[in-house]
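Protein chains: 2
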Amino acid sequence: MKFSPLVQELIDSLKCLPGVGSKTAQRMAFQLLERNRQGGEKLAGALAKAMTEVGHCQQCRNFTESELCEICASPKRKIATQLCIVESPADVIAIEQTAEFQGRYFVLMGHLSPLDGIGPNDLGLDILENELLKGQITELILATNPTVEGEATAHYIAEMAKHYQVTISRIAHGVPVGGELEYVDGNTLSHALSGRKNYSV
Amino acid sequence: MKFSPLVQELIDSLKCLPGVGSKTAQRMAFQLLERNRQGGEKLAGALAKAMTEVGHCQQCRNFTESELCEICASPKRKIATQLCIVESPADVIAIEQTAEFQGRYFVLMGHLSPLDGIGPNDLGLDILENELLKGQITELILATNPTVEGEATAHYIAEMAKHYQVTISRIAHGVPVGGELEYVDGNTLSHALSGRKNYSV
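Quick mapping for you: the protein sequence lines, in order, are chains V and S. Following our numbering, the numbering of the first sequence begins with 2 at its first residue and continues without gaps. Following our numbering, the numbering of the second sequence begins with 2 at its first residue and continues without gaps.
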């Protein structure tokens, strides 16, 4: 005994979402069918549209339905000489919210992970190299995550970029602002110590 | 700064799923866009189809895309005199898997909850009363959940059904098979004690 064919198909399809197993998919399907058909239809439309129309920005690889994303298309940003390399579109949003950075981005959409078969070309490093060849970029800011894979990716990109006339920098690692030393892990603390700066008053 | 319009719309729509907030919706959208467009398109299709085509069985209120669900339509079940009342379609599946019950079901699709505005008619109790009026049913098995709301719903249905010529029973509450007394909560244990049966060897 199973659910009716369409309900079963909906439950099976929902399982393609990350972190959703049989029980969660079932709960989601029932919730939509019983209480929120309108939301379900809206989701179906948004999904269908996004899956077919959203592609990558030709310059920075961020998700966009146009040829260039909003940032790359902005006249102010076009003349930027700084290029910030991040792992995901969410990182772009996070950095944009600081309003500290006026340059352009390059979104890797992941990190190097040989075990998962993700190599340099899957991260679009060939596109990045083309960008460097143009000679407009003078500084490359490596803002990959401070994880093992993120560090390895940053290292790989730095190796690649040192053949070009660019300054290569890495975002600072240290104690989070507002944090307490007591609760910061040892690794971060040793980074914070070795990366100390002169403090002038 | 936000994501591109279609991506943002997808993220917002995903939030209609139960237990999915901004961060999870974002992760789901990126996962589908980056690694599983095919799955996303399949989900869009299944959703659209289910939302428009799946309705309720006219007899038992279970989800189905036909007029009668598989169980109500089965010739063997049509002549059944037992009616098992459950809260959700998942409960039907659970009871069917025991292969102990050959009667028909009635799915409430929830429980009485005055605070949420869910009254007797939202649970289809008028349909249930019509069913009892036909006189085919001789036993009503109340299999709502052993929660406060489930008990209240069972009580309400029992009150309603006592005007008809039917035996009313409630599924047994007690110590789960394979469980250890030590870890069973006091409420369940007191139910198990008061519901004790003669043990003949």
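Among the clues, some could well be false.
Because identical chains cannot be distinguished in the list, a pair is counted as satisfied if it fits within a single copy or across any two copies.
When the alpha-carbon atoms are kept at most 35 Å apart in a straight line, the in silico DSBU-like pairs for lysine-lysine are as follows [as the list claims (entries may be wrong)]:
hint : residue 1 : residue 2
1    : Lys-50    : Lys-198
2    : Lys-43    : Lys-198
3    : Lys-163   : Lys-77
4    : Lys-16    : Lys-198
5    : Lys-79    : Lys-3
6    : Lys-16    : Lys-50
7    : Lys-43    : Lys-163
8    : Lys-16    : Lys-163
9    : Lys-43    : Lys-3
10   : Lys-50    : Lys-3
11   : Lys-16    : Lys-135
12   : Lys-3     : Lys-163
13   : Lys-77    : Lys-16
14   : Lys-50    : Lys-163
15   : Lys-3     : Lys-77
16   : Lys-135   : Lys-43
What the hints contain is simulated information worked out from the structure, not anything from laboratory work. As the structure is a prediction and not an experimental result, all values here were calculated from the model.
Structure-based check of all given hints:
1. For the homomeric pair Lys-50 and Lys-198, neither the shortest alpha-carbon distance inside one copy (50 Å) nor that between copies (61 Å) is at most 35 Å.
2. Taking the closest pair of Cα atoms, Lys-43 and Lys-198 never come within 35 Å of each other, the shortest separation being 52 Å inside a single copy and 54 Å across copies.
3. In this assembly of identical chains, the alpha carbons of Lys-163 and Lys-77 lie at most 35 Å apart only when taken from the same copy (27 Å versus 77 Å across copies).
4. In this assembly of identical chains, the alpha carbons of Lys-16 and Lys-198 never lie at most 35 Å apart, being 49 Å within a copy and 44 Å across copies at closest.
5. For a Cα distance limit of 35 Å, the shortest separation of Lys-79 from Lys-3 across copies, 19 Å, qualifies, whereas the shortest one inside one copy, 56 Å, does not.
6. In this assembly of identical chains, Lys-16 and Lys-50 lie within 35 Å of each other by CA distance both inside one copy and across copies; the values are 20 Å within and 17 Å between.
7. For a Cα distance limit of 35 Å, the shortest separation of Lys-43 from Lys-163 qualifies neither inside one copy, at 48 Å, nor across copies, at 44 Å.
8. Neither within a single protomer nor between protomers do Lys-16 and Lys-163 lie at most 35 Å apart by alpha-carbon distance, with minima of 44 Å and 44 Å respectively.
9. With identical chains, the CA atoms of Lys-43 and Lys-3 are at most 35 Å apart both within one copy (27 Å) and between copies (20 Å).
10. Taking CA atoms no more than 35 Å apart as the test, Lys-50 paired with Lys-3 passes in both settings, with 31 Å inside one copy and 18 Å between copies.
11. When the C-alpha separation of Lys-16 and Lys-135 is checked against a cutoff of 35 Å, the pair qualifies neither within a copy, at 44 Å, nor between copies, at 42 Å.
12. For a Cα distance limit of 35 Å, the shortest separation of Lys-3 from Lys-163 across copies, 33 Å, qualifies, whereas the shortest one inside one copy, 60 Å, does not.
13. Within a single copy, Lys-77 and Lys-16 get their C-alpha atoms only as close as 43 Å, which misses the 35 Å cut-off; across copies the closest is 34 Å, which meets it.
14. Proximity of Lys-50 to Lys-163 under the C-alpha cut-off of 35 Å is found in neither arrangement, the shortest distances being 41 Å within a copy and 54 Å between copies.
15. Taking the shortest Cα distances, Lys-3 and Lys-77 sit within 35 Å of each other only across copies (18 Å), while inside one copy they are farther apart (58 Å).
16. With identical chains, the CA atoms of Lys-135 and Lys-43 are never at most 35 Å apart, being 43 Å at best within one copy and 41 Å at best between copies.
Hints 1, 2, 4, 7, 8, 11, 14 and 16 from the earlier list are contradicted by this structure; the remaining hints agree with it.
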